[in-house]
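Peer 1: Chain by chain, the residues:
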Amino acid sequence: MQMRLINRRPGRPLTVFLALLPFVLALIGYTIASEIRLAANPADKLLPAPGTIIDTAVRLFTEGDRRSGRILLWHDTGVSLMRLAIGVSIAAIIGLVTGLLIGLLPHVRAALGIFVAVLSMIPPLAILPILFIVFGLGEVSKVVLIVIGITPFLIRDMSQRVIDIPTELIVKGQTLGASSMVIALRVALPQIMPRLIQAVRLSLGPAWLFLIAAEAIASDLGLGYRIFLVRRYLAMDVILTYVLWITALAFLIDWALRTLSRRLYPWAGEGL
Amino acid sequence: MTAYRRFAAGLVLSATTALALVATPAPAQEKTEFRVAWSIYVGWMPWGYLDESGIMDKWAEKYDIAVEIVQINDYVESINQYTAGAFDGVSATNMDTLSIPAGSGVDTTALIVGDYSNGNDAIIIKGEGGLEDLAGMPVNLVELSVSHYLLARGLDSVGLAERDLDGVINTSDADMIAAYQTDDVQALVTWNPLVSAILDEPGANRIYDSADIPGEIIDIMFVNTETLAANPAFGMALTGAWYELMGLMAAGDEAALTAMAEASGTDLAGYQSQLASTEMFYDPAAAVAFTESEALKETMVNVAEFLFDKGILGEGAPSADFVGVEYPDGSTTGDPGYVMMRYDTTYMQMAADGAL
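Residue numbers (UniProt numbering), protein chains in the order written: chain A, 1 to 272; chain S, 1 to 356.
Think of the hints as simulated: they come from the structure by calculation, not from any bench. Predicted, not measured: the structure shown is a model, and the values here were computed from it. Some clues are possibly wrong.
Just some of the chain A residues that point at chain S, by a computed CB distance under 7 angstroms [claimed, not checked]:
1. N41
2. A43
3. L46
4. P129
5. I133
6. A213
7. S219
8. D220
9. L229
10. R232
11. L234
12. A250
13. I253
14. W255
Listed below are the simulated EDC-like cross-link pairs for lysine to aspartate or glutamate, each with C-alpha atoms no more than 20 angstroms apart in a straight line [what the hints assert, rightly or not]:
15. S:K310 / A:D65
16. S:K310 / A:D164
17. S:K297 / S:D344
18. S:K31 / S:E68
19. S:K31 / S:E77
20. S:K62 / S:E33
21. S:K310 / A:E63
22. S:K58 / S:E244
23. S:K297 / S:D309
Quick reminder that beta carbons are idealized off the backbone N, C-alpha and C, glycines included.
The following block holds chain A by itself, in its conformation from the complex (with noise of 0.2 angstroms):
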């Protein structure tokens, strides 16, 4: 009997094989571009051969600066994550505070639940002279447009996971003489913490994408600020290394999270 797609599974060689495909291709396609485009113009920097990605990126790595001596590439680095990490921070404690309220507490729901999901829709590049005027040009500005651009969806999620709590645990934690705090903090709070973890995974896609923004904008340090600096001379070779390291720091964190999610919360279930 022929069995189904759906039911075949590969074996543990394949498996990696076929994890390895996709990235092996997108290389190769590259890679050929690449020449066809320094056959025609040896000095073309578009798209430099991978060996000269690689000699930019360890020159990137290790070697200061020509006039400041300090290796950029980290200062960059420590810059923007840092910006990342309190934007994110902050976004997932307000998300998580407003997600209970309006999840547990009808009122609030009534209050903000229609001006959230309008919030949500604003799309905050489109009001950042205001960010600038508000919050100035420094380090806050930044911060708030990460803020900005992902507490909606993170307040969102979490008020529809604390809504989703199936009623019995609820009721049960009543029955047991719990209060309305205590609810809060027993019954809804460890239930969507794990849920928390994915939301700001998946909320890190769009963090990156705003934290760079703000730094392309008005800036003296950051791996946006740096991306959008070399364009200016269209140092590709420089921007692909800060484009790969991005994707790797990306990853990590991702990946560190997942990680942390399972640790923490071992039954809330395997996720991608």
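Use these hints to put chain S onto chain A, whose structure you have.
Peer 2: Structure of chain S alone, referenced to chain A:
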């Protein structure tokens, strides 16, 4: 289903176009269809009007070719697109052309030297003061742009250097006006129409501008050297159309000037005030004389040194002379074995002689 199919077809089409773009950098064969890119700036507004008025089409027809004039909203992106081979020509400054296309090995020729900035770029501070007062101040500007060059020249004129400042902060030109209104910003360098908008704010004080370094920030229509060599008709059509419009502008043609003013987001008076700080070469003979002057060589050497000092010529650049620049008299500055930027007065001279 149809909608889905159309979407899928569109996707395949754009993927193919993207691939073609990546794979075909600046073909140099004879051809009949050309594309040039421009972005909004007082001295380049004529390109938009050439397109919408049909003057470009008229001249293209005369030489049996087609020229598409495309407005790109982001200046640097327009140069990058040209460098990548998506366009045959681009409006740019002498400085950015030396650093991006020429620095990337795309041999580029200055076809039409349109104007130089004569006050359009300015250093502005809040309150009273002069260049000396910049010491210890943070300065907001688009880093590595002509603004940065203007700042370097200004500081140099009073014996200061960038390290004497409290740093430069890269600020997008799109947000410069909003940036000025924040307390963090004390000094900035930018260009028109932003300069006039910011000078309208209370307390804004212009302390240095490009009129102090006349003829150093030059706005030019650049074209791919190989494309031009294989297709002189392309050069003739662009130059002919350009100087027909220059004639109209010099004569004060209100319809043309108003259209350009509106396209740049201002009115006739506003546009004329920007033109006042732009030294337009309405007369091709004046452009030829400027391009043939010795001062241009000195400017290009200054620019190359600035670019090298800021690391803009790339890590592969051993010195400021890395890229060669050729002048109408055949002389060069920089590396004569690696000439990637050329000033050519052939076509402007044809316009001056009425030979187009």
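Peer 1: Are the hints correct? Go through all of them and say.
Peer 2: Hints, verified against the model:
1. N41: holds, 5 angstroms
2. A43: Holds - the Cβ of A43 (chain A) comes within 7 angstroms of chain S, reaching about 2 angstroms at its closest.
3. L46: Constraint on L46 (chain A) satisfied, holds at 5 angstroms.
4. P129: Check passed: Cβ of P129 (chain A) comes within 4 angstroms of chain S, closer than 7 angstroms.
5. I133: Holds. Min distance 5 angstroms.
6. A213: violated, 10 angstroms
7. S219: Cβ of S219 (chain A) sits 6 angstroms from chain S, so the hint holds.
8. D220: At 5 angstroms from the nearest chain S Cβ, D220 (chain A) passes the 7 angstroms test, so the hint holds.
9. L229: holds, 6 angstroms
10. R232: holds, 5 angstroms
11. L234: This hint holds: L234 (chain A) lies near chain S, its Cβ roughly 5 angstroms from the closest one there, short of 7 angstroms.
12. A250: violated, 23 angstroms
13. I253: violated, 26 angstroms
14. W255: Status violated, d = 31 angstroms.
15. S:K310 / A:D65: The given pair, whose Cα atoms are some 11 angstroms apart, holds under the 20 angstroms limit.
16. S:K310 / A:D164: Distance of about 57 angstroms is beyond 20 angstroms: violated.
17. S:K297 / S:D344: Answer holds: K297 (chain S) to D344 (chain S) is near 13 angstroms, not above 20 angstroms.
18. S:K31 / S:E68: holds, 13 angstroms
19. S:K31 / S:E77: violated, 25 angstroms
20. S:K62 / S:E33: holds, 14 angstroms
21. S:K310 / A:E63: Holds. K310 (chain S) to E63 (chain A) sits at ~17 angstroms (cutoff 20 angstroms).
22. S:K58 / S:E244: holds, 11 angstroms
23. S:K297 / S:D309: holds, 18 angstroms
Going down the numbered hints, you'll see the structure goes against 6, 12, 13, 14, 16 and 19, while the others check out.
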